[in-house]
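Protein chains in written order, with the working numbering: chain A, 7 to 766; chain B, 74 to 148.
Since the hints were made in silico from the structure, they are not lab data.
Quick reminder that beta carbons are idealized off the backbone N, C-alpha and C, glycines included.
Heads up, a few of these hints could be off.
Computed beta-carbon distance windows for the label pairs [to be verified]:
1) B/A91 <-> A/E225: 39 to 47 Å
2) B/D80 <-> A/T542: 47 to 55 Å
3) A/K547 <-> B/A91: 29 to 37 Å
Rough simulated footprint, nothing fancy, chain B against chain A, three-plus residues with beta-carbon under 8 Å [what the hints assert, rightly or not]:
4) 275 to 282
5) 323 to 337
6) 513 to 525
7) 613 to 626
Below, in silico cross-link-like pairs of lysine to any residue (SDA-like), each with a Cα-Cα straight-line distance of 25 Å or less [what the hints assert, rightly or not]:
8) A/K242 <-> B/K118
9) A/K543 <-> A/N57
10) A/K242 <-> B/E145
11) A/K177 <-> B/T90
12) A/K263 <-> B/C143
13) A/K448 <-> B/E145
14) B/K118 <-> A/R416
15) B/K118 <-> A/D265
16) A/K513 <-> A/D265
17) A/K197 <-> A/D265
18) A/K220 <-> B/K138
19) B/K117 <-> A/I413
20) B/K76 <-> B/K117
21) A/K242 <-> B/P109
22) B/K138 <-> A/R269
23) A/K44 <-> A/H33
24) A/K541 <-> A/T516
25) B/K97 <-> A/R415
26) A/K154 <-> A/A140
27) A/K513 <-> B/L77
28) A/K263 <-> B/E145
29) B/K117 <-> A/D265
30) A/K157 <-> B/G122
31) B/K138 <-> A/T516
32) A/K703 <-> A/I744
33) B/K97 <-> A/D265
34) A/K701 <-> A/K177
35) A/K547 <-> A/I744
36) A/K154 <-> A/D133
37) B/K138 <-> A/F417
38) B/K117 <-> A/H527
39) A/K127 <-> B/I129
40) A/K513 <-> A/R269
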Amino acid sequence: MKTFALAGNPNCGKTTLFNALTGATAHVGNWPGVTVDKREGVYKGGNENVNIVDLPGIYSLSPYTPEEVISRNYILGEHPYGIINIVDATNLERNLYLTTQLLEIDVPVIVALNMMDEVEKSGDKIDAKSLENALGVPVVEISALKSKGIKQLMDRAVAMSAERKGTTVLKGVLDKQLETACAFYEAAGIKSSLFHAVKLLENDELELERKGAKQAFEEAVAGEDLEAVIADERYKYISSNLAFIKVKKAGKGVLTKSDRIDRVLTHRIWAIPIFIVILFCIFHITFSEDFLYIGAWAGIGGGLPALDDLELSEGLAAFVGIFYDGAVFSPGVILFNIFDTIFGLITDGIGGAIQTEWLSGLVADGILGGLFAVLGFLPQILLLFLFFSILEDTGYMARIAFVLDRIFRRFGLSGRAFMPMIMGFGCSVPAMINTRTLADEKERTATVRVIPFFSCGAKLPILVAIAGGIVTYFRVGNADLITYGMYILGVCSAIVCVLLMRNTTLKGETPPFIMELPAYHLPGFKNLMLHLWDKTKHFVKKAFTIIFASTVIIWLLSHLSWNWHYIPDEEMQNSILASIGMLVQPVFTPLGFGSQIGTFGWVFAVAALTGLIAKENVIATFGTLGACLISMGAAITGNADAILADEEGVTAAIAMIEATGISIPALIAFIAFNMTTIPCFAACATAKAELPEGKFKLTVLLWLLSSYIISAAVYTIGSWWWTLFIWLAVVAVVTTFIVLRNLGKFDILAIFKRKKKGEE
Amino acid sequence: MIKLLSDFNAGDRGIITAVRGEGKIRRRLFDMGVTPGAELIMRKKAPLGDPIEITIRGYELTLRKAEAACVEVEI
């Protein structure tokens with residue numbers, strides 16, 4: 007089967023063409039060593055089936071971005087049968103710049119002239135036939151969006167002869183230099199000598215690594231700066247030689263549609279408020295339990311009745327409960343509830359059908375419960391994905407980066423890092439995957455690592471339960487204020503962590519920000535759906551493997567005693583997990599929920615451990631543990647039924663507070679710990695996949711350390727206000743140390759070395 | 074008169090005379106069409122004053138002032 011590589015600029019319709027060509031046969035993998043999507047598929051529309059490999063969107067074949075290196079290595083190393091170069095006809099000049107480079111390689115090239123319909127709409131004309139004559143390779147007009155011209159394109163592609171010698175537009179300008187450089191590569195027996203020769207003259211990093219290349223470079227270039235000359239010549243060729251191809255309609259309008267949209271969306275004053283509103287709408291549609299604030303508005307009058315007050319039959323109440331409870335749910339929550347209800351029915355059905363108690367527990371709660379806890383988030387994750395893909399595809403995401411870059415540069419990040427971070431407030435999984443839009447590897451690593459600090463939707467119940475417990479039991483403070491405070495704490499921790507990493511382990515210059523602002527256009531429905539389908543497959547696969555395994559292990563630990571006997575929920579205190587909780591309890595002493603809260607203190611440690619499966623498990627565990635505490639004889643005013651009935655977990659939290667006598671600062675430290683520590687297994691698995699190789703272990707360590715330090719600070723400062731000064735002093739010392747070290751004035755290694763020498 | 078692109082105001086236009094800066098940034102600028110001889114128009118600054126947006130070779134490009142300072146333009 008012939009293999010064709012699809013190459014072209016970003017935003018030129020390449021993905022659309024790929025989808026049109028391959029349809030359902032496409033599958034996504036990774037290019038070796040980097041987290042850049044590698045899409046492959048089969049085109050079945052012609053006489054013979056053709057394999058299509060989608061190269062990442064690139065502007066050039068210079069070796070400065072991972073995408074460019076991948077494309078270059080693929081074309082030169084994997085020898086595809088030919089290259090389909092997709093060119094955006096509305097932006098010929100810059101798009102053909104890449105074409106002039108592709109033509110230098112010894113490989114058949116066919117140019118697909120995309121978006122011809124838009125060119126015609128604007129009244130311009132492009133003469134494809136003349137372009138074909140000028141370039142010397144086939145040129146076919148297509149419309150990827152409307153699937154027009156695709157058969158013709160592929161028929162001509164397949165008909166191309168397998169051999170083609172590279173040609174360059176630099177002929178007649180740099181003949182002498184090219185000849186010298188070409189001779190070097192031909193002598194070494196390297197294919198595509200012309201391409202390599204031109205790159206060498208461009209002072210290309212990858213070419214200069216070759217043995218003897220440095221010498222050949224100096225000989226050919228003779229001290230001239232050819233880099234600028236070559237880039238200039240390419241553009242000159244395009245603008246002068248190809249001028250006749252594009253006939254512009256006279257008196258073109260000054261403002262295009264894109265300009266008009268841009269005037270509003272990147273307005274000096276309105277840009278940021280508009281962005282905040284859009285972001286708010288996305289989160290509202292995905293996560294709000296009071297859609298359009300109907301419940302709140304009604305509350306001004308008589309208010310809407312709660313679900314329990316409607317006095318519906320049980321089945322009807324379950325159905326209505328999907329959509330409504332004193333307020334109308336947002337589409338995201340409704341989807342979540344539908345999944346949740348179906349999963350609940352399956353779990354109950356299967357669990358009830360199995361008579362053996364331990365087996366029923368293992369299957370229903372352990373296996374299915376764990377799996378569904380993760381899969382239950384899928385609708386909301388996908389909804390978030392959908393919105394952000396739309397923002398990306400329309401071109402708005404690039405504008406957001408443009409608007410916010412200034413702020414993020416201070417932390418050594420670019421404006422692009424903002425989106426993944428803000429997505430973290432919804433769910434860490436899509437947020438981490440979205441870091442692929444970041445070009446710089448260090449920037450990506452830093453961003454993935456701090457995403458869990460942006461408290462996700464599943465962590466909110468922990469906040470609500472404990473904050474509720476504090477307010478009800480101690481009769482101080484305001485639950486909302488505590489919750490907001492914790493969100494702010496998370497964001498501050500993220501900022502501090504990024505600053506710390508960018509100045510120590512992930513040091514490096516701020517990546518350059520030279521980016522195209524693509525014209526706005528409507529996203530294609532098919533593209534969006536295929537994109538979502540990819541993500542779904544990916545997530546479900548992960549849910550069934552790593553997440554599934556970890557979930558079952560945690561369940562087994564919490565339901566088995568040391569002599570391998572099954573333990574029901576109410577006797578969790580005898581489980582292996584409980585003993586682990588008791589064992590590690592002293593570790594949490596500096597955080598306020600360790601040894602000082604007595605014999606029942608292990609419940610906090612266990613709750614934190616079960617949070618690894620999914621953070622909302624922490625609250626479910628609270629309920630179980632609250633009931634456990636009663637059966638263990640702790641002095642608690644509530645009863646077991648009330649604790650288990652309260653889904654928000656406030657009653658359980660109060661029971662735990664009563665049993666342990668834990669202080670307010672320690673409780674807040676507990677929330678802080680859960681918010682900033684290792685995220686759920688789903689997020690861990692995603693982080694492992696998205697981080698560069700070997701960075702995952704360090705990342706877990708960072709999560710553990712940072713959550714420990716943050717919680718310790720919260721606890722000590724909350725308990726003894728004057729410790730604030732000690733913490734400030736420590737921060738000052740660390741900052742000074744890092745600053746001095748980065749200035750090169752202070753080298754701890756050198757001091758150690760000196761000491762050693764002294765000892766000798 | 075030669076002026077640095079970073080000193081441009083919205084609406085200014087000119088022809089690039091030289092592109093300086095270190096390897097990576099310079100290469101990137103070339104690849105994006107910022108080469109000597111090209112005509113550009115400064116469109117606007119971001120709401121916070123930086124980066125800037127220019128029109129060059131028929132499309133919109135954004136770059137930071139620090140990078141724009143590598144570009145010399147004849148106005």
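Comparing the hints with the structure gives:
1. About 26 Å separates the C-beta atoms of B/A91 and A/E225, a value inconsistent with the hinted range of 39 to 47 Å.
2. Checking the proposed 47 to 55 Å range against B/D80 and A/T542 shows it holds: the Cβ atoms sit about 50 Å from each other.
3. For the pair A/K547 and B/A91, the supplied restraint of 29 to 37 Å is violated, since their beta-carbon distance comes to about 52 Å.
4. Evaluation of the coverage hint for the region 275 to 282 of chain A: fulfilled, as 3 residues show C-beta separations to chain B shorter than 8 Å, against a requirement of three.
5. Under a criterion of three residues with beta carbons nearer than 8 Å to beta carbons of chain B, the stated coverage of the region 323 to 337 of chain A fails, only 0 such residues being counted.
6. Coverage of the region 513 to 525 of chain A by chain B holds [criterion: at least 3 residues with CB-CB distance below 8 Å; count 8].
7. Check on the region 613 to 626 of chain A: 0 of its residues sit with their Cβ under 8 Å from a Cβ of chain B, so the three-residue criterion for coverage is violated.
8. Annotation: proposed proximity of A/K242 to B/K118 is violated, straight-line Cα distance about 29 Å (limit 25 Å).
9. Simply put, A/K543 and A/N57 have alpha-carbon atoms about 22 Å apart, close enough for the 25 Å limit, and the pair holds.
10. About 19 Å separates the Cα atoms of A/K242 and B/E145, which keeps this hinted pair within 25 Å; it holds.
11. A C-alpha spacing of about 24 Å is found between A/K177 and B/T90, which places the hinted pair at or below 25 Å, so the restraint holds.
12. Restraint check for A/K263 and B/C143: the C-alpha separation of about 31 Å exceeds 25 Å, so the hint is violated.
13. For the given pair, A/K448 sits about 31 Å from B/E145 by alpha-carbon distance, which is inconsistent with the 25 Å threshold.
14. Between B/K118 and A/R416, the direct Cα distance comes to roughly 18 Å. Compliance with the 25 Å bound is thereby established for this hinted pair.
15. Straight-line distance between C-alpha atoms of B/K118 and A/D265 comes to about 14 Å, which keeps the hinted pair within the 25 Å bound.
16. Between the alpha carbons of A/K513 and A/D265 the distance comes to roughly 38 Å, so the proposed pair goes past 25 Å and is violated.
17. At roughly 45 Å between alpha-carbon atoms, A/K197 and A/D265 are farther apart than 25 Å, so this suggested pair is violated.
18. The straight-line distance between the Cα atoms of A/K220 and B/K138 is roughly 34 Å, outside the 25 Å bound, and the hint therefore fails.
19. Between B/K117 and A/I413 the CA atoms are separated by roughly 18 Å; this keeps the pair inside 25 Å, and the hint holds.
20. Annotation: proposed proximity of B/K76 to B/K117 holds, straight-line Cα distance about 17 Å (limit 25 Å).
21. Taken as a hint, the A/K242 and B/P109 pair is honoured in the structure, with Cα atoms around 10 Å apart against an allowance of 25 Å.
22. For the hint pairing B/K138 with A/R269, the CA-to-CA distance comes to about 21 Å; that is within 25 Å, so the pair holds.
23. For the suggested pair A/K44 and A/H33, the alpha carbons sit about 8 Å apart, so the restraint of at most 25 Å is met.
24. Straight-line distance between C-alpha atoms of A/K541 and A/T516 comes to about 30 Å, which puts the hinted pair past the 25 Å bound.
25. Distance check on the hinted pair: B/K97 and A/R415 sit about 18 Å apart at the alpha-carbon level, within 25 Å; holds.
26. For the hint linking A/K154 to A/A140, the alpha-carbon distance of about 24 Å falls within 25 Å, and the restraint holds.
27. Distance hint between A/K513 and B/L77 is unfulfilled; the C-alpha atoms sit about 29 Å from each other, more than 25 Å.
28. About 31 Å separates the Cα atoms of A/K263 and B/E145, which puts this hinted pair outside 25 Å; it is violated.
29. This hinted pair checks out: B/K117 and A/D265 have alpha carbons roughly 11 Å apart, not beyond 25 Å.
30. The hinted pair formed by A/K157 and B/G122 fails the criterion: a straight-line CA distance of about 48 Å is larger than 25 Å.
31. Under the criterion of a C-alpha separation no larger than 25 Å, the hint pairing B/K138 with A/T516 is consistent with the structure, at around 13 Å.
32. For the given pair, A/K703 sits about 23 Å from A/I744 by alpha-carbon distance, which is consistent with the 25 Å threshold.
33. The straight-line distance between the Cα atoms of B/K97 and A/D265 is roughly 30 Å, outside the 25 Å bound, and the hint therefore fails.
34. A threshold of 25 Å between alpha carbons decides the hint, and for A/K701 with A/K177 the separation of about 47 Å lies outside it, so the pair is violated.
35. Of the pairs offered as hints, the one joining A/K547 and A/I744 is violated, with about 42 Å between alpha carbons and a cut-off of 25 Å exceeded.
36. With a C-alpha separation of about 18 Å, the suggested pairing of A/K154 with A/D133 holds against the 25 Å cut-off.
37. A threshold of 25 Å between alpha carbons decides the hint, and for B/K138 with A/F417 the separation of about 17 Å falls inside it, so the pair holds.
38. With a C-alpha separation of about 21 Å, the suggested pair B/K117 and A/H527 falls inside the 25 Å cut-off, and the hint holds.
39. Taken as a hint, the A/K127 and B/I129 pair is honoured in the structure, with Cα atoms around 22 Å apart against an allowance of 25 Å.
40. A threshold of 25 Å between alpha carbons decides the hint, and for A/K513 with A/R269 the separation of about 37 Å lies outside it, so the pair is violated.
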